[in-house]
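Below are the chains, spelled out letter by letter.
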Amino acid sequence: MTTKILIPLSAVVAAILVWTHVPVAEAIAGLALAFVLPGYALVGVLFARRALGAVERLVLVPALSLAVAVLGGLLLYVSGIRLSGVSFALFAAGVTVVAAAVGEFRARRTGEAVEGAPGLREAVSRVRADWRSASWRTRTWRWVAPALVSIVLLGAAGWISLGSAHTQERASGVTQLSMLQTGTGLDRQVSLDLSTRNADPEQYRIVVRGSADFQASFAPRLGADATWSRDIALPIGGRVTADLYRGAEVTPYRSVFVDVT
Amino acid sequence: MTATIVAPPEAPDAHRTRRGGSRRNALPVGAVVMLSTLGVLCVAIGYAAGRTGAAYGMVWYWIGQALVFLPIMIRVLSGPLTQTRAFALVAALTINGYALKWTYSPDQLRFSDELQHWTATGTVMRTGSLFQPNDALPAAVHFPGLAEMGAAVSTMTGLSLTASAFIVAGILHLMCVAAIFVLIRACGGSPRLAALTCVVYATGLHFLFFDSMYVYQTAALPFLVLTFWALRRWGTPHGPIAWSGFAVAGLVSILMVTISHHVTSLVMLAALVGFAAIERSRRSVIAAAVAFAVVAIWIGAVAPEVISYLAQPFTGMFGSKAGNGSAGGSPVWILLVQAVGIIGLVIVFLAALRREVRRRRRVAEAADDATGTDAPRPAGVTGVDAWWLAALGGGLLFFLGGGLRLIGSSGPELAARAATFTYIPLAVVVAAVILSGPRRRLVAGGVLLAVLAVGARLGGWPPSWELLPGRYLAAGAERSIDPQGIAAASWTERYLGPGNRIAADLSGWTLTSSYGRQNPVGDVAQLYDSPRWTDADAELADRLGITYLWVDKRLATSTPPTATLFYGDPRTGERTSPMPLANLTKFDDAPGISKVYDDGAIVIYRLGAPE
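Protein sequence lines correspond, in order, to chains Y and S. For what it's worth, this note's numbering labels the leading residue of the first sequence as 205, then goes sequentially. For what it's worth, this note's numbering labels the leading residue of the second sequence as 2, then goes sequentially.
By construction, these hints were calculated from the structure, which means they are not laboratory data. Glycine included, each C-beta is placed from N, C-alpha and C at the ideal position. Incorrect hints may have been included.
Label-pair distances were calculated between CB atoms; the ranges are [said to hold, decoys possible]: (1) S:161 <-> Y:283: 26 to 36 Å; (2) S:589 <-> Y:391: 23 to 33 Å; (3) Y:290 <-> S:293: 29 to 39 Å; (4) Y:421 <-> S:589: 18 to 28 Å; (5) Y:228 <-> S:533: 58 to 68 Å.
Construct the entire structure; sequences and hints are all you get.
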């Protein structure tokens, strides 16, 4: 299948995958629509077969693709269309299909042998020729092995960094106590919330005190990444205090207060 | 390529091989790339050690930094390169450099500027619309290029906004360096010169971070370079299709720069006008006129507010010393390292100027001999010569821009921001001079680049006191963006709703404006600077419309490394000790203030009764 068919077809399939939210495939399709396909088709329209070098193409393909996203996004906004994955994808796919069609039309009219973006087949055939000309051992040593080792090294660096960052985050447990007034007058009440991001479950005790000897207590046990909430009706206004205790501790671990009206 | 070379010419190399590639004794490119990538692993180990507070982290960091940069620099300097090999080295340096940035904070964006744009992108995704208010960075509202890119990638791929931001910034960064490479090649530079220019550019202060962060300048930079690439290639004869193609590519690049970043669009306009003045060709005048029209229309019709925004740093240069949250001054020994690098750059630049003056004198004498002294001289400068002159002019601006460092509180930041642009032409000049001399100049050039790289790591971003990620540090830029702060800021959005006026210290400002989508208030140091809540404090809070107070009690545990704690801090430079705890706990006893949130370190107070 030649690139003149492959590129617009890929764009259409990619847009469908984005629309249908097929896991993994959606990510690949989205990346292709964002960084490759529209730019690849536009390079084919804008430049003659031998006008660009390989590195120039390498820069222009993502650059024009991103330009399609940005300028297309502006156009969608001005048209009153909501910016979403589907609208971005349909626009990018549309540009790709139209650009491929224009490129094909122009190639037929001028007799120029342009199929999709010029240069892909040249680049592939050049790589293929280089591949065949060098001995297996040489090419493996010079290109494949270093590339693979480099990818492994980058992967290891990422793994170490992500692992240590997650470990650091897990180590810094967070226990949040908050209280907001959610009703006034006769319906006066406060909303009390406790949430934790600690690794281990913990037994807590919350004591709420208000005016006129109002008091209420609760004993939530919270696991990791858990939240506990309670709405508390108050008979009278004034300052309401909530103290949080851990286990059998007698000193408040967290404390909040609200002047209720 | 019709043009021959960017002046001055490279020295002939006696070690060229028959296959036109590398010197016989030069290390294979693949091995060089592997060594460089090994450096990323070393730095990642250093970062991991930094997160646990281990002392050996810095050793791994510097070994890694050396491995990432030096092998590639040495390989580029050591002999001729084919285009494929030259670009492979440049791409490896850029990818590895970006990996250094990513591994610093691999799980989330922590740099305050990135969080501002992360917020803007989230707003585009949430509302499906552009130009929505963004309290984190109001100026970015009118330049939605980056936010659109991030939103497009995230919504089309289903990846998280953070992951999409990392991908977009990485590809833009690689595009920028690749664009510099193709620009030099289009001007007739050899692959080796193009590669060395990119290597020199990688020694810039902002290369590893500001130029690769998820910020709007990163989005605009590659298109700025592509504008000049298209202008250069526009003149090369490749038939009408390619001619119009380069014109369209140039126009698209101008549009992208203008939509993406205000400063870059003004720099682009100034550079195009300057180049048109040098070259005086029809195409350069057209390009400058088109850029002027596009930028003027955009700023006039879409972003008129940006004029006052851009004027602020300039007025700040001559105004108060109030802090703006930047990293503050560097230690003397770091300034010395940077000074050595700058002196080296000055020497190289003067050598280029001297060579150019001599060359022009020779050309003029030859022309006089050929045509007689009374013959008229050509008015403009054409071809490659104009590009070389433009590079010299841009390089000169680098040094003039450096002078801003000495002026006012905003000077150092302005100088560093300007260098992001002016370092590109200077890199061309430095690379050309290094390659045009004898072998000892290559060695000296290598030493200079190594010094510049060290200076950039020490004096760039992150600042020297947080080269490694680590535990929480009060007002410590990225070191203050920790899970506790993020949880508190997220709580404000979930429980208080967005857009509340909230007073906060520097890190609280960043967190509440991004994760919390609040409207943080600057110039609030007075509220925190005394052990008692006074009527004057209450009056100030009322005047600023403050509804909530963000109080981080950890400000009492460590000295802020930048000696500043707030935006618009009147005591910038004077905060050389931790804030007294009484200043942070006084709100518990203040009348009319409710304590609505407590996580042990961060407390959020409400001023007055709920509406």
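Cross-check of the supplied hints:
Against the hinted window of 26 to 36 Å, the Cβ-Cβ separation of residue 161 of chain S and residue 283 of chain Y comes to about 28 Å, which satisfies the hint. Between residue 589 of chain S and residue 391 of chain Y the beta carbons are some 28 Å apart, a value that agrees with the proposed interval 23 to 33 Å. Taking the beta carbon of each, residue 290 of chain Y and residue 293 of chain S are about 37 Å apart, inside 29 to 39 Å as hinted. Between residue 421 of chain Y and residue 589 of chain S, the C-beta spacing of about 22 Å keeps the proposed range 18 to 28 Å intact.
The beta-carbon spacing between residue 228 of chain Y and residue 533 of chain S, approximately 59 Å, falls within the hinted interval of 58 to 68 Å.
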